[in-house]
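Chemist: Using the supplied hints, reconstruct the complex from the two chains, each of which is provided in its own coordinate frame.
Protein sequence lines, in the order shown, are assigned to chains S and V. The numbering of the first sequence is UniProt numbering, which starts it at 1 and goes up by one. The numbering of the second sequence is UniProt numbering, which starts it at 1 and goes up by one.
The set of hints was computed from the structure by calculation and includes no laboratory data. Quick reminder that beta carbons are idealized off the backbone N, C-alpha and C, glycines included. Some hints could be false.
Computed spacing ranges between beta-carbons, pair by pair [what the hints assert, rightly or not]:
id: 1; chain 1: V; residue 1: Ala-132; chain 2: S; residue 2: Ser-184; range: 50 to 58 Å
id: 2; chain 1: V; residue 1: Ala-132; chain 2: S; residue 2: Gly-21; range: 23 to 31 Å
id: 3; chain 1: V; residue 1: Thr-164; chain 2: S; residue 2: Pro-206; range: 57 to 65 Å
id: 4; chain 1: S; residue 1: Ala-36; chain 2: V; residue 2: Arg-66; range: 17 to 25 Å
id: 5; chain 1: S; residue 1: Ala-62; chain 2: V; residue 2: Glu-153; range: 55 to 63 Å
If the Cβ cut is set under 8 Å, some of the chain S residues that face chain V in the computed set are [claimed, not checked]:
id: 6; residue: Leu-19
id: 7; residue: Leu-44
id: 8; residue: Leu-54
Derived coverage of chain V by chain S (criterion: at least 3 residues anywhere in the stretch with Cβ under 8 Å from a Cβ of chain S; other residues may be distant) [claimed, not checked]:
id: 9; segment: 28–38
id: 10; segment: 46–55
id: 11; segment: 66–72
id: 12; segment: 93–105
id: 13; segment: 129–135
id: 14; segment: 163–174
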Amino acid sequence: MGDCTTVRPVLPELALGALGGDERADALRHVASCGACARELERLADVADGLLALAAPAEPPAGFESVVLARMTGAPRRPPRRRRVLALAAGAVAVALAGATAGAAVVHRAGGDDRLLADQYRRVLATADGQHLRALALTTAAGDPSAGTVFLYQGRPSWMLVAIADAPVDGAYRTVVTYAGGASRDAGFCQVTDGTGTTAYPLRAPVAEVAAVTLTAPDGTTLHAS
Amino acid sequence: MVATDEALLAGMAAGDPLAAAAFVRRYQARVFGLALTIVGVRATAEDVAQEAFTRAWRYAPGYDPRRGAVSAWLLTIARNAAVDVLRTTRDQPYDPATLVDLVTARPPAGEAPADAVADRERLRTALRSLPAEQAQAVLLAAYYGLTAREIAERDGLPLGTVKTRIRLGLGRLRDLMEVRDG
Chain S
1 MGDCTTVRPV
11 LPELALGALG
21 GDERADALRH
31 VASCGACARE
41 LERLADVADG
51 LLALAAPAEP
61 PAGFESVVLA
71 RMTGAPRRPP
81 RRRRVLALAA
91 GAVAVALAGA
101 TAGAAVVHRA
111 GGDDRLLADQ
121 YRRVLATADG
131 QHLRALALTT
141 AAGDPSAGTV
151 FLYQGRPSWM
161 LVAIADAPVD
171 GAYRTVVTYA
181 GGASRDAGFC
191 QVTDGTGTTA
201 YPLRAPVAEV
211 AAVTLTAPDG
221 TTLHAS
Chain V
1 MVATDEALLA
11 GMAAGDPLAA
21 AAFVRRYQAR
31 VFGLALTIVG
41 VRATAEDVAQ
51 EAFTRAWRYA
61 PGYDPRRGAV
71 SAWLLTIARN
81 AAVDVLRTTR
91 DQPYDPATLV
101 DLVTARPPAG
111 EAPADAVADR
121 ERLRTALRSL
131 PAEQAQAVLL
141 AAYYGLTARE
151 IAERDGLPLG
161 TVKTRIRLGL
171 GRLRDLMEVR
181 DG
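Isolated chain V (complex conformation) (with noise of 0.2 Å):
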């Protein structure tokens, strides 16, 4: 049994240096593969990712348990952390189709819990089962922080039809997942 991601953040709002070094080696190669998959360069992907645990540990003393597990915390701050060099560069390193792709790709095993390794599995599986409008909506939406506006006025399209893409495409895939929940 090893410390939880609880324990390990309650030791960085302490400041204790120890916590902090197990939590950046429990969660570097998923904050640095998300940086990578987002900005597309791996120098750039290092500073992201650096900067995403700069502010895990800021932001530390104010994680809620309430409002979701530490992984997912972590990572939407590392997403938010390369959506601000997105913005800053106006770059999308990859288009919409190549990064369903990438998303959908069956990863290597890894060390991951086998329940969370068949989550994401079955997240992939309901993503590939979309109108690929839909799901290039969603991961533009999800991994570049695009609104629907901008992803309107990157395809010429009305604005109308991006909001459906995206709202069909996430109530879908919420749906196949509660659906096998049940």
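Bound conformation, chain S alone (with noise of 0.2 Å):
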């Protein structure tokens, strides 16, 4: 496994995407255990990934859209059947969230939104067995209640989605989840980015027993549902 020494100097290659062979693995062995490289690569990667973003846009042929979507949909993937489940019920309600706090959702043609909405909820629960949703709305602290939404959704599996619509600050937050009898558990974090951010979770206990959910940001900044 390389060292700092030799590993530094290759990142910028790395971060392209342009280092081939036993050289990359050397190198992602070498930043997997260590931080100062690990944030090196991820600052070079962040301008990497711009330089992409220069290309200039270009309208495809007419039919492109109708043409992907068919390959899309008619392509393999089956991961496990537990995930599925779980993906499944995470889409459908990011789509209802969608359509609920956008008049005009991308997602939705003009025409049978909510009778499609309906059905999909529908879905969501029968196709988990599930009991409820439930919503808690994210407050800033200085009392702000609309940094976006909490859904907590009992069915099997039960999950939990943090829906970020108007945060302070971006970062990676910390999500952590109280119960009524005390106890808390880190669900992992939420990655914001221009304030909005959207994560699903596990939830290993009955909706009823979460008491709140609080999303700490690298800065401090926190926000509160309960």
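Modeler: Dropping the structure here:
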């Protein structure tokens, strides 16, 4: 495995996706165990990502969308069944969210939207034998209740979806669930970019026992739902 | 307010065709534009863009927001799909100087958010400020997926020279972007 001296000089190539073979494997192994090199790689990768965004947009030929959708939905994708159920439920809520928070949400065409949403909601509950869906407003420390919403789904499995619509600061928010008995559990991170972020987590206790959900940004900014 | 990229991707991960359609509409011009910049031929770019969206659909359940924005994730998928084609054809449609010109040219005003446009313009300005050989080496790696060794062989240069150009070039871009962020 390489050390900082040998890996630092190749981090730009790694960030650009242009490092191959053993060099790449060595660099990745080192980065996985070296915080300083990992941070340097992240900074370089941000620039590398930005370079790809410089390509001028161009409209594809007519009919592209229908062809690509036929290809996409015909493509095989078979994650394990348990993950599929969780993903289905989370995705349906994401779509419902979009419809609920945006009158003209892009995921819906005009006409039949409400019926579609209602049908998807019913299917979510039916698919995973769900009992109910609970929503809590996320409030900033200043008392603004429009920072986002926490959805809690009681089913098999139960899960929580954190949807942040307008956070005061960006970053990876640590998410902690507090239960009625006072115990709390770390539920991972929710990445917020430009004030928004969405992340789902499995819920390991009944929804009724969830007393509060608190998200804390790296700078200490908190969002709270209870 | 419209659905976030993450919400659409969650819908795609769930197999929701409506979310997929919205996602394709949102990104098709950028994905096709990137593919066209890399492969240079509209028909091939269309194949690449289709492949990119198909991969995005397939990989959507594994998307991790901690590792970058949806747009960066998707454009990297598109770039990799385009590079796969280039490696088959063993061709790079544009010489390095033309590639730099293409990437640093100011595009017509679009509908992208103003801050995203400003970031891109800053990066273009930073790219233009680099010595030409550094900008070219960085873009050959970023767009064509060429390793330093491949660039060295292609241009008849010592491997160390190309590695230094990439290292200095990308490092300088990072410094320029971060200085102005501060």
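Chemist: All the hints need checking, so say for each whether the structure fits it.
Modeler: Hint-by-hint comparison with the structure:
1. V/Ala-132 to S/Ser-184: 50 to 58 Å: Distance hint for V/Ala-132, S/Ser-184 holds at roughly 56 Å.
2. V/Ala-132 to S/Gly-21: 23 to 31 Å: holds, 29 Å
3. V/Thr-164 to S/Pro-206: 57 to 65 Å: holds, 60 Å
4. S/Ala-36 to V/Arg-66: 17 to 25 Å: For V/Arg-66 against S/Ala-36, whose Cβ atoms are near 19 Å apart, the range 17 to 25 Å holds.
5. S/Ala-62 to V/Glu-153: 55 to 63 Å: At 41 Å between Cβs, range violated.
6. Leu-19: holds, 7 Å
7. Leu-44: holds, 6 Å
8. Leu-54: holds, 5 Å
9. 28–38: Check passed, 9 qualifying residues.
10. 46–55: Holds: 5 residues of the segment 46–55 of chain V have a Cβ under 8 Å from chain S.
11. 66–72: holds (count 5)
12. 93–105: holds (count 4)
13. 129–135: With 0 residues closer than 8 Å to chain S, the segment 129–135 of chain V misses the three-residue bar; violated.
14. 163–174: holds (count 8)
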